[in-house]
Every structure is written in structure tokens, then in C-alpha cells.
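Chemist: Quick note, the sequences are listed as chains F and S, same order. Just so you know, we're using our numbering here: the first sequence kicks off at 10 and counts up by one. Just so you know, we're using our numbering here: the second sequence kicks off at 12 and counts up by one.
In short, the hints are calculated from the structure, not lab data. Hints are supplied without guarantee of correctness; some may be wrong.
[To be verified] Quick list of in silico lysine-lysine cross-link-like pairs, DSBU-like style, CA-CA up to 35 Å:
#, chain 1, residue 1, chain 2, residue 2
1, S, Lys86, S, Lys212
2, S, Lys234, S, Lys190
3, F, Lys229, S, Lys112
4, F, Lys19, S, Lys112
5, F, Lys298, S, Lys112
6, S, Lys190, F, Lys298
7, S, Lys190, S, Lys212
8, F, Lys298, S, Lys228
9, S, Lys40, F, Lys298
[What the hints assert, rightly or not] Computed spacing ranges between beta-carbons, pair by pair:
#, chain 1, residue 1, chain 2, residue 2, range
10, F, Gly225, S, Leu236, 43 to 51 Å
11, F, His86, S, Asp29, 35 to 43 Å
12, F, Gly225, S, Arg220, 44 to 52 Å
13, S, Asn54, F, Arg306, 28 to 36 Å
14, F, Glu238, S, Lys234, 33 to 41 Å
15, S, Gly189, F, Asp271, 25 to 33 Å
[What the hints assert, rightly or not] Some residues of chain S that are not near chain F, with every Cβ distance over 12 Å (derived):
#, residue
16, Asn35
17, Asp44
18, Gly64
19, Lys86
20, Asp197
21, Arg220
22, Ala241
None of the values given here were measured: they were computed from a predicted structure. Ideal Cβ positions, reconstructed from N, Cα and C, are used throughout, including at glycine.
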Amino acid sequence: MCGIVGLLVKNPELRDRLGALMVPMLVGMTERGPDSAGLAVYTTPVPDRHHKLSLYSGENTVDWPLLLERIAASFAHAHEMATHGNHAVLTSAADPDELVAWLAHHVPAIAVLSVGQSIDLYKDVGAPAAIAERYGFKALRGSHLVGHTRMATESAVTPAHAHPFTAGRDFCLVHNGSLSNPHLVRKKLEPLGIEFETDNDTEAACRFFEWRLREGDDLKTAVQRGFSELDGFFTFLMGTDRELLIVRDAFACKPAVIAETDDYVAIASEFRSLAHLPNIARASLFEPKPEEIYSWRI
Amino acid sequence: MANLKPVPTAREFDLAHDSLRELNAFLHKQAVDEGVSQIHVRNPDGAHSIAVGLNAEIDVQIHGHVGYYAAGMNKYASVTVHGNAGPGTAENMMSGRVHVKGFASTAAGASAHGGLLIIDGDASLRCGISLKGADIVVGGSVGSFSAFMAQAGRIVICGDAEDALGDSLYEAVIYVRGKVRSLGADARFEPMTDTDRAAVKSLLAQAGRSLDPAEFKRVASAKSLYHWHADADQEY
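When you get a sec, could you build the whole thing from the sequences and use the hints?
Modeler: Quick look at the structure:
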């Protein structure tokens, strides 16, 4: 079992309150996912040729200012870093692939959680409320977000196994359910040079969709293709810098409910995570139908 | 005698403040002991297991949306949800009446033995799965695999049905008014008899609906799965 939450604000005035509106949604899904939680938030994009990297050091202590100096010494570009305990968002004009390779070589204790121009990603083990507090989720701003609370059923409880999973740039996915053929998907993708970080089933789906996006599919086409390639139970919630998308498998075993108003669209596994939202009594409420793709753009 | 206050016959719980356990404990015992016949529940906000396991002729009015298993295992009570219901509403109901004014999520009325479940809106997948004798009236449409392996009871669907309606049915009967995307294995359309029309008329009346029973089609089991066929193709 797991909990998913998603929120996209249509009214730009709500962007400053994105985190505050979301925290009760995430905490509301604690019973469905008490062991880990995570969140991808899409902010105003950084300028052209700049990228953001969400970095996570887990239990390792990292001297972030020193790290920034070392990066500056190796890359002759502008860099900035915002830190939050064991988490940092590095904004840089350097080539992101080179930065990721440099970090893997010089500071292997750091995990790169996401790369993109809009996405910031946080995930960790522990109760959702504790994680929200740890990383100051309440203060997050942005246009949309994708969140998850995890109750592990098929692989270990570690920060790397927590959701959201990311691949490529500005793409993330969370999953409630379980896939039965992740190893086949993986066998298909690995010969194409696609590398995996964990043995988690959701990562296979994430890398499959991102591969299709790179091959030129739009997100809906990629998901459509996924119906024949991915076997198992799923409610997938995905984010790109412009889009929020939800889809359930043909059996719709895993719940989801959507609330839409003129100001926002909010998605959660259960209504109890939506009950606190403004004007919820006047929202249009519905459950996504099986194998029907629902998406919203900012 | 003059200073004796009349016993209140209604009571209100607000789940924004009162605990669910307090509410259910009251519904299970004190309601009867104290002679309270109607209970209003405010701010259910999607909580699970509201009004489960009731065992008395009380009337519960829930003002808002409920989560999993609302009114599950109900016996004798009448439970009205003025909102939508989560998965497993009225599952395993034995008797009484459960009325959802909005839509119901998956597996509404699963395995219910008796009583009447009314859903004014749509019901999601697997409505009436393994039904064992209850009646269900759905004002809207039902999702795929509804009435899967239903053993006894009746389901009236005023709208459409998605895939595999009545798959592996036993003795339960389905009356459907709209389009059926596909029937499940061993389910078949059968002619409506006067008894069927009377049953639909009565169930619609109990659900407060005034449709013409003649618009409904009967779906029941062809009974070809009742016995093992040694000669059947056993390849899967």
C-alpha cells in the first residue's frame, strides 16, 4: 500500500501557498505509507542554460559551502546552493551531465535526486510529517507537485527506494501498486544504455516512460504504450515541468480521487487528504476511470 | 415528574472533534441503551469505517464524504451518506438500508447478504462482487467486473455497465437499463418476465426512482460453469 498526492494550482496567486496546501495532503496519507515519503515540486524555471540539481547526503555530513567551492574550482560557471540539513539544491550554468559525473566521482556520498530547470526533489525514510518538517515542505512554492508516502512491499526501505523516482530532466513519477514485470522492462532498457539505481519496480516504469519521452513520444502516448509494456497494478502520478498526469490500470485496484476547482486540481489516494482544501465543498469530485489518462498543464 | 427532561431521540457527532471510535461505540451500544434513534455525523472528511457493524434499528445520517468500508456489516440500521463513499461501502451488509447520495468507489456492496444498498450516482468497478443476497440499486452506471461471482440477490443498474458484467454469476440477477460494454463469462441476457418487471418496479420504488421497468434488460447466469467439463479446453 502507498499514498499518492498531487496538486497543481491554476490560480498563480496560490503558488506561494503550494507547500502549505500540500502538507496536510501528504500527512493525511500517513496510514497508507508510514515508512518513507517524498515530494517533487515544480518551481519557476531557472534561466536558460542553467539547471538545478537536488542533492541528498543521507546520514553523511557534507560541508555544503566547501563542496560549492570545490565545484567552482572545477567548473568555470556561476553556481548557487540552497541547503536544508542533508539536502541541497545546486543551481548551475555548468553542463548538468558533467556535474552529475563529477559528483559521482568526487563525492560519492551524495545522491543526485533530480536534474532539471523546474524540479526540486526531496525524499527520505521516516514518517511523512517528520519529513515535511525536516525539509520545510510548508514553505515550498511552485506551480505543481507530486508527492508520495510509502509502505514498502517489494523492495527495501531506503531513501533511494522512496518515491518520487526521476529520470532525465524535469520528469518524475510516483506509484501506488506493484508491477509484475519490472525485470523484463529493465532487461529491455539496459541494452539501450539506460542505467538503474535500485531494484525497485517503480523505477522500471519511470525509466520506461522517460525513455519514450526522449524517443519523441508525448507523455500521453508514452503512457498509452505503457499499457501493453507494464504489467501489474498501478496508479501512476507523473510530473513534468509543464504537466501533471494520473492514470490507473485496467483493474483500478489502487484508489485515487480528484478534486478540481477554478483555482486548483488536487489528487490523492483518498478523499481524507483533500478534505481541508479551500472550497472543497464546491469542487468537482471524481475518480479517474481505469486506463483513462487525465492530465493538466500549467 | 414535572422536572424530568424528555429523553433526546437525536444525537450529533462532529468528527472534527469527536473520535471515530467514540462514534462507533455509541452506535453499537449507547444509542440503543439511551433510546437515541437518529444520529447525525458531521465532518466525516473521508474517514474509514464510519458506522460499521451496526446491529440496531437506528437511523444514521452522515453529512459529507466517507472513506473505506462505510456501513460495512450493517444489520437493521438505515445509514445515509450525504456525499460520496470510498471502497467497500456496505460490504457484507446483513440487513437494513444504506443510501449513498453521491458516487461509490470500488466494491460497493461486496458480499452483502441482505438489505438494500442505494447509490444515487455511479458505482465504480466490482459493484456487488460476490453478492450473497442483498439488493443494490445504482442510479448511475457501474464499472467493470460488477456482480462478479454474485451468488444471490438483485442489482438494478439505471445507467450503463462497463466490461465483464456478471462474470461467473451464480443465482444473482442483474437488471440493466443502459448499454453493457461486455458481459462476463457465462452471463447472458434473458427475457424479462412479469416477475422481473415487478421486482424492478419494487426496487426502483424503494430507491425513490420512477423509471419504466420495461426499459430494463435481465442478465443472469447461463449456468454453463456450474459443472466441471472434462472435455473442455483446459489450456490457459
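Chemist: For each hint, tell me whether it holds in the structure or not.
Modeler: Status of the hints after comparison with the structure:
A threshold of 35 Å between alpha carbons decides the hint, and for Lys86 (chain S) with Lys212 (chain S) the separation of about 24 Å falls inside it, so the pair holds. Proximity of Lys234 (chain S) to Lys190 (chain S) is assessed by CA-CA distance (about 23 Å); at most 35 Å being required, the pair is judged to hold. At roughly 34 Å between alpha-carbon atoms, Lys229 (chain F) and Lys112 (chain S) fall within 35 Å of each other, so this suggested pair holds. Of the pairs offered as hints, the one joining Lys19 (chain F) and Lys112 (chain S) holds, with about 29 Å between alpha carbons and a cut-off of 35 Å not exceeded.
Annotation: proposed proximity of Lys298 (chain F) to Lys112 (chain S) holds, straight-line Cα distance about 20 Å (limit 35 Å). Restraint check: the Cα-Cα separation between Lys190 (chain S) and Lys298 (chain F) comes to about 17 Å, which is no more than 35 Å; the hinted pair holds. Restraint check for Lys190 (chain S) and Lys212 (chain S): the C-alpha separation of about 20 Å stays at or below 35 Å, so the hint holds. A hinted pair counts as satisfied when its Cα atoms are at most 35 Å apart, and Lys298 (chain F) with Lys228 (chain S) qualifies at roughly 25 Å.
A threshold of 35 Å between alpha carbons decides the hint, and for Lys40 (chain S) with Lys298 (chain F) the separation of about 40 Å lies outside it, so the pair is violated. Roughly 47 Å separates the CB atoms of Gly225 (chain F) and Leu236 (chain S), a value that falls within the hinted 43 to 51 Å. Checked against the given bound of 35 to 43 Å, the beta carbons of His86 (chain F) and Asp29 (chain S), roughly 59 Å apart, lie outside it. One distance hint, 44 to 52 Å for the beta-carbon pair Gly225 (chain F) and Arg220 (chain S), holds here, with the actual separation near 51 Å.
Distance hint check: the CB atoms of Asn54 (chain S) and Arg306 (chain F) are about 34 Å apart, consistent with the given range 28 to 36 Å. Separated by about 39 Å at the C-beta atoms, Glu238 (chain F) and Lys234 (chain S) satisfy the suggested range of 33 to 41 Å. Between Gly189 (chain S) and Asp271 (chain F) the Cβ separation comes to about 32 Å, which falls inside the hinted range of 25 to 33 Å. A cut-off of 12 Å between C-beta atoms confirms that Asn35 (chain S) is not in contact with chain F; the least separation is 17 Å.
The beta carbon of Asp44 (chain S) sits about 31 Å from the closest Cβ of chain F, which is more than 12 Å, so the claim that it is off the interface holds. The non-interface label for Gly64 (chain S) is consistent with chain F: the shortest C-beta to C-beta separation is roughly 20 Å, beyond 12 Å. In this structure Lys86 (chain S) is separated from chain F by more than 12 Å, as the shortest Cβ-Cβ distance comes to about 26 Å. No beta-carbon of chain F comes within 12 Å of the beta-carbon of Asp197 (chain S); the shortest separation is about 20 Å.
Arg220 (chain S), annotated as away from the interface, keeps every beta carbon of chain F farther than 12 Å; the closest lies near 22 Å. With a cut of 12 Å on Cβ distances, Ala241 (chain S) stays outside the contact zone with chain F, its closest approach being about 31 Å.
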